[in-house]
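Protein sequences, first through last, are from chains A and B. First residue of the first sequence: 487, per the working numbering; consecutive thereafter. First residue of the second sequence: 812, per the working numbering; consecutive thereafter.
Hints are computed from structural coordinates only; laboratory data are not their basis. On a predicted model such as this, the values are computed, not experimentally measured, just so you know. Idealized CB from N, CA, C, for every residue including glycine. Warning: the hint list may mix true and false statements.
[Stated by the list, open to error] Chain B is nowhere near these chain A residues, computed Cβ spacing over 10 Å in every case:
1) 563
2) 574
3) 582
4) 585
5) 613
[Stated by the list, open to error] Some but not every residue of chain B turned toward chain A, in silico, with C-beta under 8 Å:
6) 880
7) 987
8) 990
9) 991
10) 994
11) 997
12) 1000
13) 1006
14) 1010
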Amino acid sequence: MLPIVKISNLDKYFGRLHVLNNINLEVGEREVVCIIGRSGSGKSTLLRCINFLEDPSHGSIEVDGVRVAVGGKGKQQRQLIHDVRLKTGMVFQEFNLFPHMSVLENVIEGPVTVKGMDRKHAVELAEQHLDSVGLLFKKDEYPNRLSGGQKQRVAIARALTMEPRVMLFDEPTSALDPELIGEVLNVMKKVAKDGMTMLVVTHEMGFAREVADRVIVMADGELVEDNKPEQIFNAPKDPRTEALIVRYRTGGG
Amino acid sequence: MSAFTKGTEGGVKSQGDLLFEAQQRQQRGFKRNVGVSWGIFFLIIIYFFSGQSFLGIKTIELNTDFIVKNIGFIALGLPQTLLVSVLAITLAMTLALLAALGRLSTIPPIYALSTFYVSLIRGTPLYLQIFFFFLALPQLGIVLTGLFAGVLALGLNYGAYMSEIFRAGLASVGKGQREAAIALGMTPIQTMRRVVLPQALRFAIPPVGNEFIAMTKDSALVSATGFVHEVMWRATRVGRAQFNNLEALIMAALFYWLMTLLLTYVQSIIEARLSKGDR
Ligand SMILES: Nc1ncnc2c1ncn2[C@@H]1O[C@H](COP(=O)(O)OP(=O)(O)OP(=O)(O)O)[C@@H](O)[C@H]1O
Ligand SMILES: [Mg+2]
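Kindly produce the complete structure, drawing on both the sequences and the hints.
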């Protein structure tokens, strides 16, 4: 498979803290990869290094053929990072919708401001994506009038409207009330089914098991296991994986 | 509220309803008594200046002829006062925003310029600053018109203090907002213009309103230079000329007070509208 994301020899330090330790990872086109791991194992940092919300300390990131190596400088490097950001969409745990903009304005903001798309075209595209997350009827509402689940679905539509090559989800359901998690996971399943390449940090083991093509286990800044979900959940090789999924195994079968 | 009234089925009031109503009655009563007290204070003050004798105590008598003759002259200062204040607050907001943004800069000279400006202005009296522009600059061959110098002095001064407001406004915009913008591919300038500033400015509107109201009163200081014919200048001029300072200053005080009440009212409307909207 053609890799959409290729992470090579990635290291990340926060001050003296070594948070990511020589990560190598490839994600193929249309692949859905779930990342699981204990709190503090570096999952978010890994995801955020891909679109340079964090500056990696070492190594390189390649997204859809655009390769950014740590150490590059100046205008050219900034352009490469910008290109990578255009190819990645990100969904945050806390939604981060823009509260001063309506739902529709939130969704067209990227295409209009960043891509310079004309408004009419952007609105068409935005409405299409809002429809696909089931929230077209809320397009004129402001975010504070939406439920958490609705906010997150708008955030997904906002990212999709930029037509990225890969979607990064950082615990998209962790801030939600339990009864709202399902609607967001359903939208994510749909996005996966439509062929989007996805990297999903999640504690939703059911989702990982059902939707992921691969599950990656992180511990202490390293990838300790990378396998098909059946393998991870039925025959974990690493004791740290076992510790992670034990609750799920006993709880859900 | 509706939840409480809805609870009253068939006229039977729950304990919650009763408590709520009692509380409301109490609040209404308090407001009414405050209003009545205001009225009484007002009447006392009017009586105090009425010139009437009461129980052998003679109250102060104001020269009504003087008041009638000069009230128009002083009132003509109101547009000047407002003009100085509006221009100065505009300048102040610009400077305050630049100073607040400067504090976020990682470029040392820009950061330093911002802190230098704020420190210098806050470390010296406003009165001195006003005179500096009127009296000290001409010595260097720079002669500013009265209005211009006044606006510059007030704007520079308020800008330094108001930079804190904008700093707080910028800080009120969460990190997640910037990250969402960056993740969409926005440049730092786009992020600032489209996402951070609109939220920061909305946050800053109520305190800027307070500053504007304060400014309308501090603008009286520029009268000292004698070149801007605003309310205070006019009051002291006619008051001194005819030795009726008491009447003149009382008129000026009432004008400032009325203006403040009016602006406070306008501000409360704006704030109500802001809080009703999004967010
Ligand atoms: N900005 C930062 N500055 C310093 N240390 C940080 C920063 N961000 C994260 N860390 C540290 O890096 C380590 C990895 O953090 P990260 O957020 O990637 O973990 P995570 O696996 O996403 O955890 P969680 O499940 O709690 O979200 C943690 O020890 C964390 O304290
Ligand atoms: Mg995390």
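Does residue 613 of chain A really sit off the interface, with its C-beta more than 10 Å from all C-beta atoms of chain B? Check passes; 18 Å lies beyond 10 Å.
Minimum Cβ distance from residue 585 of chain A to chain B greater than 10 Å, as the annotation requires: Answer for residue 585 of chain A: violated, closest chain B Cβ roughly 5 Å.
Does residue 880 of chain B pass the interface check with chain A, least Cβ-Cβ distance below 8 Å? violated (53 Å)
Holds or violated: the hint that residue 997 of chain B contacts chain A, with Cβ atoms closer than 8 Å. holds (6 Å)
Holds or violated: is there a CB of chain A closer than 8 Å to the CB of residue 987 of chain B? holds (4 Å)
Given hint residue 994 of chain B near chain A, where the shortest CB pair must fall under 8 Å: Given a least distance of 4 Å, the restraint on residue 994 of chain B holds.
Under 8 Å, Cβ to Cβ, is where residue 1010 of chain B needs to be relative to chain A, so tell me if that hint holds or is violated. Result: holds, 6 Å to nearest chain A Cβ.
Minimum beta-carbon distance criterion (8 Å), residue 1006 of chain B to chain A: For residue 1006 of chain B, the interface hint holds, since the closest Cβ of chain A sits about 6 Å away, which is under 8 Å.
Hint validity - residue 1000 of chain B Cβ closer than 8 Å to any chain A Cβ: violated (11 Å)
Taking 8 Å as the limit, does the beta-carbon of residue 991 of chain B come near enough to a beta-carbon in chain A? holds (4 Å)
Status of the stated non-contact between residue 563 of chain A and chain B (beta carbon gap over 10 Å): Holds, because the least Cβ-Cβ distance between residue 563 of chain A and chain B comes to about 14 Å, which exceeds 10 Å.
Non-interface claim for residue 582 of chain A: all C-beta distances to chain B beyond 10 Å? Nearest chain B Cβ is 4 Å from residue 582 of chain A, so the label is violated.
Hint check: violations occur at hints 2, 3, 4, 6, 12; the rest are consistent with the structure.
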